[in-house]
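Asks: Okay, here's what each chain looks like letter by letter:
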Amino acid sequence: MQIVLPIIIVSVIGILLGVGLSFACVLMHVPSNKKIRDVRATLPGANCGACGYSGCDGYAEAVANGEAEPNKCTPGGEATAKALSELLGVSVSTVPKTAVVTCDGSCDKVQNEHLYSGISTCKAASMMFGGPSSCKFGCIGLGDCVKVCPYNCITVENGVAVIDRCKCVGCGMCASVCPKGIISLHNADYHHIVKCSNTQKGAVAKKACSTACIGCTKCEKVCEFGAVKVTNNLAVIDDEKCTGCGKCAEACPSKCIKV
Amino acid sequence: MSNLLTIFLAGILTENMILSKFLGICPFLGVSKKVNTAFSMSLAVIVVMLISTLVTYPIYAYILVPAGREYLQTIVFILIIAALVQFIEMALKRYMPPLYNALGIYLPLITTNCAVLGITLLHFTKELNYLEAIFNALGAGVGFMVAMVLFAGVRQRIESADIPKVLQGLPITLISAAIVALSFLGFAGIVG
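So the protein sequences, as listed, match chains A and B. Mapping of the first sequence onto my numbering: residues 1010 to 1268, in sequence order. Mapping of the second sequence onto my numbering: residues 6 to 197, in sequence order.
Okay, chain A solo, but in the shape it has when bound (with noise of 0.2 Å):
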C-alpha cells in the first residue's frame, strides 16, 4: 500500500496541471494568421532552407508579412512562385535554377598523386594535400554532395560528380557542402558551360587535368554576343548572354565547353 499515496499525489498533480493547461490554452488563445497558413500550405514543405529562412514555417510567415519575396522557394521553383504571387496578389518574375559541377576531370583525365586511404568523405580528403587528384581544383568524386542532396539527382560517374539537371531543383544544399565549391546555381536554361575550376596557368592547368581550361582566350575571341569572359586563366560564360550557337565548344583546344 505504500505505493498508492505517492500515485495519487502525482497523478492528482498532472491532472490539475493538464486541467489548467487546457483551460489556459483556450483562455489564451492566440488566433494564428490565416495568411500565414495559407501561405505555408502552398509551399513544398521541403524545409531545406535554400530560401534561407529557417524552414517552410520561417519563409511562410516573413511572405505573408510581406518582409520576403514569394520567388524565393528554389525547390517549388515557378509554380511556387505564382500561386504565390497569386495568393498575395503582387506580380513576381522568376528564372528557375539548377546545380552545375564545373568539373570535368574523370578518372581518365586527371591523375591520383596519392592514394587516400582516410574517412570517406570530400571534405576529409581534401584536407590531406587538397586532394588525391593531380588537379587541387577539380571534384573529389567522395559524394558529398550526392548525400546531402534532398531529391537524389547526384550521382558519382568516372571520379566525377553529374547533376541530373531534368531532376534537380536548385536548392543549392550541394554547392554549400563541396569543399572545392565547384558546384554553383546557373538558370536552368543555361546552354553552354565552361567545365573546369582550374585557375593556374594553361601549362600547369593541362598538366594536371587534360581537359582543363587553359585560357587561351579562342572562346572569348569567338564569341559574338560576349558572353565568354576569361579571367584568372579560367573562361566563365555569362547565362543572361549565351545563346547557345555552340562555337565556344568548337574552338575550345581541351574541349572543356560542354553543353
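Please note: incorrect hints may appear among the correct ones.
List of simulated lysine-lysine pairs, BS3-like, C-alpha gap at most 27 Å [unchecked claim]:
no., chain 1, residue 1, chain 2, residue 2
1, A, Lys1267, A, Lys1145
2, B, Lys38, A, Lys1132
3, A, Lys1176, A, Lys1264
4, B, Lys98, A, Lys1044
5, A, Lys1216, A, Lys1256
6, A, Lys1132, A, Lys1215
7, A, Lys1132, B, Lys170
8, A, Lys1156, A, Lys1145
9, A, Lys1210, A, Lys1176
10, A, Lys1210, A, Lys1267
11, A, Lys1145, B, Lys170
12, A, Lys1156, B, Lys170
13, A, Lys1043, B, Lys98
DEER-style ranges, computed between Cβ atoms [stated by the list, open to error]:
no., chain 1, residue 1, chain 2, residue 2, range
14, A, Leu1124, B, Thr130, 53 to 61 Å
15, A, Tyr1160, B, Pro176, 14 to 22 Å
16, B, Val40, A, Pro1015, 43 to 51 Å
Simulated from the structure, these hints should not be mistaken for laboratory data. Where is the CB? At the ideal position from N, CA and C, for every residue including glycine.
With the hints as your guide, set chain B onto chain A.
Replies: The following block gives chain B in isolation, referenced to the frame of chain A:
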C-alpha cells in the same frame, strides 16, 4: 539582509550553475554563438527559475513533506516545470508578443533544462527558507546569464581568431569553456 545578499552573490560567483555545478551545459554550448541570443536565452532562464521556485517550494513544503514522500520531488518538479513553461509561453504569446518573439524559441528548450530542475532541488539540500530560496534562484539565474554572455563573448572572439585546423569548431569551444570555468574557480571562498 546580508544573508540574502550572500546567497545571491554565491549563486552568481562561487556556485555558478554552469561553471561550478556543471548544470545547463547544453544551452551553454548550444546557444552561445552570439551575445544577444545568449542574453535572451538567459533572460528566459531567469524568469523560469524564479517562477518555478515560487511554485515548487510550497508544493514540496506543504504536500510532499507532510505526506512523507520527499523522494517524489524530481518527478513532481519535472511535471510542474514543464507545465509552467507551457503556461508562460502561452501567456507571453497572448499578452506580450514582443517579449514572446524575443524569448519564444528558447522557452520550450528550458522545459527540460537541468539547471532549472537543479536549482529547484538544490534549495532543499541547502535547507533554505522560502525567501532565501527565491534569492538563490535569482542568483543562479543571473549567474547563468553571466556565464552565458561571457562565454558568448569569448566565442565571438574565437570566430575571428586563427585557430589550428585540428582544433576548429567544438574542440576549441570546449577548451575555452574549461578556461572560463577555471577562471571562476578564482572566486572560491570570497562569498558563502
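Asks: Confirm or reject each hint.
Replies: Here's how the hints hold up against the structure:
{"no.": "1", "hint": "A:Lys1267 to A:Lys1145", "result": "holds, 21 Å"}
{"no.": "2", "hint": "B:Lys38 to A:Lys1132", "result": "holds, 23 Å"}
{"no.": "3", "hint": "A:Lys1176 to A:Lys1264", "result": "holds, 26 Å"}
{"no.": "4", "hint": "B:Lys98 to A:Lys1044", "result": "holds, 18 Å"}
{"no.": "5", "hint": "A:Lys1216 to A:Lys1256", "result": "holds, 25 Å"}
{"no.": "6", "hint": "A:Lys1132 to A:Lys1215", "result": "holds, 25 Å"}
{"no.": "7", "hint": "A:Lys1132 to B:Lys170", "result": "holds, 13 Å"}
{"no.": "8", "hint": "A:Lys1156 to A:Lys1145", "result": "holds, 22 Å"}
{"no.": "9", "hint": "A:Lys1210 to A:Lys1176", "result": "violated, 35 Å"}
{"no.": "10", "hint": "A:Lys1210 to A:Lys1267", "result": "holds, 21 Å"}
{"no.": "11", "hint": "A:Lys1145 to B:Lys170", "result": "holds, 19 Å"}
{"no.": "12", "hint": "A:Lys1156 to B:Lys170", "result": "holds, 24 Å"}
{"no.": "13", "hint": "A:Lys1043 to B:Lys98", "result": "holds, 17 Å"}
{"no.": "14", "hint": "A:Leu1124 to B:Thr130: 53 to 61 Å", "result": "holds, 60 Å"}
{"no.": "15", "hint": "A:Tyr1160 to B:Pro176: 14 to 22 Å", "result": "violated, 34 Å"}
{"no.": "16", "hint": "B:Val40 to A:Pro1015: 43 to 51 Å", "result": "holds, 45 Å"}
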